[in-house]
Amino acid sequence: MILQITLLVGLVLFSVLAILAKDLIKSAICLAVSSLLLGVVFFRLGAPYAGVFEISVVAGLITVLFILTIALTKAEGDVRESKLARIAFPLFFVVFALIDALVMKGLLEKIPLLEAAPEAGSFSDVLWRERTFDLVGQLAVILAGVFAVLALFRKRDNHD
Amino acid sequence: MIFLYIALPLAVAAVLPLLGKASKKVLPDLLGNATLAILLFVALSGVKNFWGGFGNPIVERLGWFGETVNLQVTLDGFSQFMLLTVQLVSLAVGLFSVSYMDHYGSKANYYALLLVMVAGMNGLLLSADLFNVYIFLEVAAVASYALVAYGLEHDELEASFKYLMLSVVASAAILIAIAVLFGMTGGLSFAAVAEGLRSLPAKGVTAICAALFLMGFGLKAALVPFHAWLPDAHPSAPAPISAILSGLLIKVSGVYALARIFFNVFGLTPALSQVLLWLGAISVVVAAFLALGQKDMKRMLAYSSVSQVGYVILGVGLGTPLGIAGGLFHLLNHALAKGLLFLTSGSVQQATGTRNLDEMGGLAKRMPVTAGASLVGSLSIAGVPPLGGFWSKLLIIVALVQAGEGALAVIAVLASVLTLWYYLILQRKAFFGQLHERWRAVREAPFWMAAATVVLALLVIGVGILFSAVLKAWVAPAADVLTKGF
Numbered sequence: 001m002i003l004q005i006t007l008l009v010g011l012v013l014f015s016v017l018a019i020l021a022k023d024l025i026k027s028a029i030c031l032a033v034s035s036l037l038l039g040v041v042f043f044r045l046g047a048p049y050a051g052v053f054e055i056s057v058v059a060g061l062i063t064v065l066f067i068l069t070i071a072l073t074k075a076e077g078d079v080r081e082s083k084l085a086r087i088a089f090p091l092f093f094v095v096f097a098l099i100d101a102l103v104m105k106g107l108l109e110k111i112p113l114l115e116a117a118p119e120a121g122s123f124s125d126v127l128w129r130e131r132t133f134d135l136v137g138q139l140a141v142i143l144a145g146v147f148a149v150l151a152l153f154r155k156r157d158n159h160d
Numbered sequence: 001m002i003f004l005y006i007a008l009p010l011a012v013a014a015v016l017p018l019l020g021k022a023s024k025k026v027l028p029d030l031l032g033n034a035t036l037a038i039l040l041f042v043a044l045s046g047v048k049n050f051w052g053g054f055g056n057p058i059v060e061r062l063g064w065f066g067e068t069v070n071l072q073v074t075l076d077g078f079s080q081f082m083l084l085t086v087q088l089v090s091l092a093v094g095l096f097s098v099s100y101m102d103h104y105g106s107k108a109n110y111y112a113l114l115l116v117m118v119a120g121m122n123g124l125l126l127s128a129d130l131f132n133v134y135i136f137l138e139v140a141a142v143a144s145y146a147l148v149a150y151g152l153e154h155d156e157l158e159a160s161f162k163y164l165m166l167s168v169v170a171s172a173a174i175l176i177a178i179a180v181l182f183g184m185t186g187g188l189s190f191a192a193v194a195e196g197l198r199s200l201p202a203k204g205v206t207a208i209c210a211a212l213f214l215m216g217f218g219l220k221a222a223l224v225p226f227h228a229w230l231p232d233a234h235p236s237a238p239a240p241i242s243a244i245l246s247g248l249l250i251k252v253s254g255v256y257a258l259a260r261i262f263f264n265v266f267g268l269t270p271a272l273s274q275v276l277l278w279l280g281a282i283s284v285v286v287a288a289f290l291a292l293g294q295k296d297m298k299r300m301l302a303y304s305s306v307s308q309v310g311y312v313i314l315g316v317g318l319g320t321p322l323g324i325a326g327g328l329f330h331l332l333n334h335a336l337a338k339g340l341l342f343l344t345s346g347s348v349q350q351a352t353g354t355r356n357l358d359e360m361g362g363l364a365k366r367m368p369v370t371a372g373a374s375l376v377g378s379l380s381i382a383g384v385p386p387l388g389g390f391w392s393k394l395l396i397i398v399a400l401v402q403a404g405e406g407a408l409a410v411i412a413v414l415a416s417v418l419t420l421w422y423y424l425i426l427q428r429k430a431f432f433g434q435l436h437e438r439w440r441a442v443r444e445a446p447f448w449m450a451a452a453t454v455v456l457a458l459l460v461i462g463v464g465i466l467f468s469a470v471l472k473a474w475v476a477p478a479a480d481v482l483t484k485g486f
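Line order of the protein sequences matches chains V and H.
Using the working numbering, the first residue of the first sequence is number 1, and each one after it goes up by one.
Using the working numbering, the first residue of the second sequence is number 1, and each one after it goes up by one.
Think of the hints as simulated: they come from the structure by calculation, not from any bench.
We put the beta carbon where it would ideally sit given N, CA and C, even for glycine.
Possibly wrong hints are sitting among the right ones.
Lysine to aspartate or glutamate pairs mimicking EDC-like chemistry, simulated, CA-CA at most 20 Å apart [claimed, not checked]: (1) V:Lys155 / H:Asp102; (2) V:Lys155 / H:Glu158; (3) V:Lys155 / H:Asp155; (4) V:Lys83 / H:Glu158.
One side only, chain V facing chain H, incomplete, derived with CB under 7 Å [unchecked claim]: (5) Glu130; (6) Leu143; (7) Leu150.
Using the sequences and the hints, build the whole thing.
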């Protein structure tokens, strides 16, 4: 229980740091640490596939991509942002934590416990046989992302 | 056959950027519009399945080389109605883009994004599963962020970023609600969740999920007070994209998804109905006043979209068969007319280089086709008989009176007068009056742009004149699905 709470507190802490850090590299690393912790939480809750994906893709691959991009494009490390954002976020966070503390426990008690069968069948079975339509959608999201990058980083020679 | 709605645009989109290397303009134009035309044909041929309002949903299951996989699309009267609307406006937008998008460059990429967005909307309309809805919502949204920023100017990038940020909040709210529902019921398909919710004594949690959905889809539909992103995003996008965003996307990923989940999964309760009615009424009034003060033509149209979506919600939220039919009919009328108006605003902007209404004037003398089409669209949305907008607003108002919501009916009538007022301002400032010296050399829009607007204008007139046939063949089957509930 104490380990679980430590993990969750760490997760929140590093997520907040990722948003508040001024240096992009630090921000990316904080994000990686928080998703590493989330991966561990997934493992402990009996969802090994989610844990593996969280750690390998989000904590690993995406962090590498972030750091590569920052290293390649970086002219100046600090991000300038309006003061409002720096005030708004902590405020939002405190409000969220308050609501969470007041409501969430009562809410969770009301949710009936389903039989614990989180990983019915192998991962590929679930993805391929149960959620095939999602795969089509995910393919489309990837296509949309690729075209978006192509469109937004195209040469503007034709545009007046 | 039904799966074609998703597979065909995705497949063509995937090869377009490669083919675009060989032919920069002709091939993308041809392939993009041919795809949209085929989809329209498929949608038209599907109308007969639900003719007259009765017909069970068609479920199509696909295998993968003999292997059973869960690739399932569901088509019922409501999806059919929306699909046909989507394909109609998309094809008009595609044709308009042939001339309009020339000076933006990289046409293959543009059509690819457009097709992915259409595929995303179609996928959402054919899903019968909460998580599928979320994924296809994102498909359409990701494509639309890029399309809003397509001009790559400062304003466009800023608008796109604002749109992205608010849209992410909406997606997060929707995803949380889906996760909680999945945790409670153990299922994701509409039927399983509806079944699960009926047997659960968890009204409080269900209400919170409903509130999250309302916020998420309300943001996507740009209902007041969730509308802040729309007046930036829609005017900044290239005109055909504004047309598709205002005409279709806010309705598919906002109104359709909201109605589908509230009617077919939760079941519309009186409390929920009241919330929807007041959200709708506030949107109608607030956005109409905001539209009055606008000088930017496209911004005025964008505020008008918020206001008109309010009418749709007002009708649908009422929950009576007549109210739902009126709301959905208004959705169709607004999709056609607002698509038309944004396209004509694109023609004007391309001809004059400005969107400021104060700088225009007398353009009808130089651009008679565009001016005529724009007038038809304006009058339809303003609710002037015999155009479509008149009949749908009439149905909504009659339904409100029948249901004993007299106050809301009065609000709807008064706001309709406001609508007429700001559309008359738009028409007078842009197209009527003295021709400004600056615009002597202005010429009518190129062929494809004019053709697309004329087609839409004819449709607006046709739907108005043949409204009872349209209601019966097209709207009634959709309204039936919602009336039936879950």
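These are the hints, each one checked on the structure:
1. V:Lys155 / H:Asp102: 15 Å, holds
2. V:Lys155 / H:Glu158: 19 Å, holds
3. V:Lys155 / H:Asp155: Between lysine 155 (chain V) and aspartate 155 (chain H) the Cα gap is close to 18 Å, so the pair holds against 20 Å.
4. V:Lys83 / H:Glu158: Given that 20 Å is the threshold and the Cα spacing comes to 18 Å, the pair holds.
5. Glu130: Status holds, d = 5 Å.
6. Leu143: 6 Å, holds
7. Leu150: 5 Å, holds
Violated hints for the displayed structure: none, as all numbered hints are satisfied.
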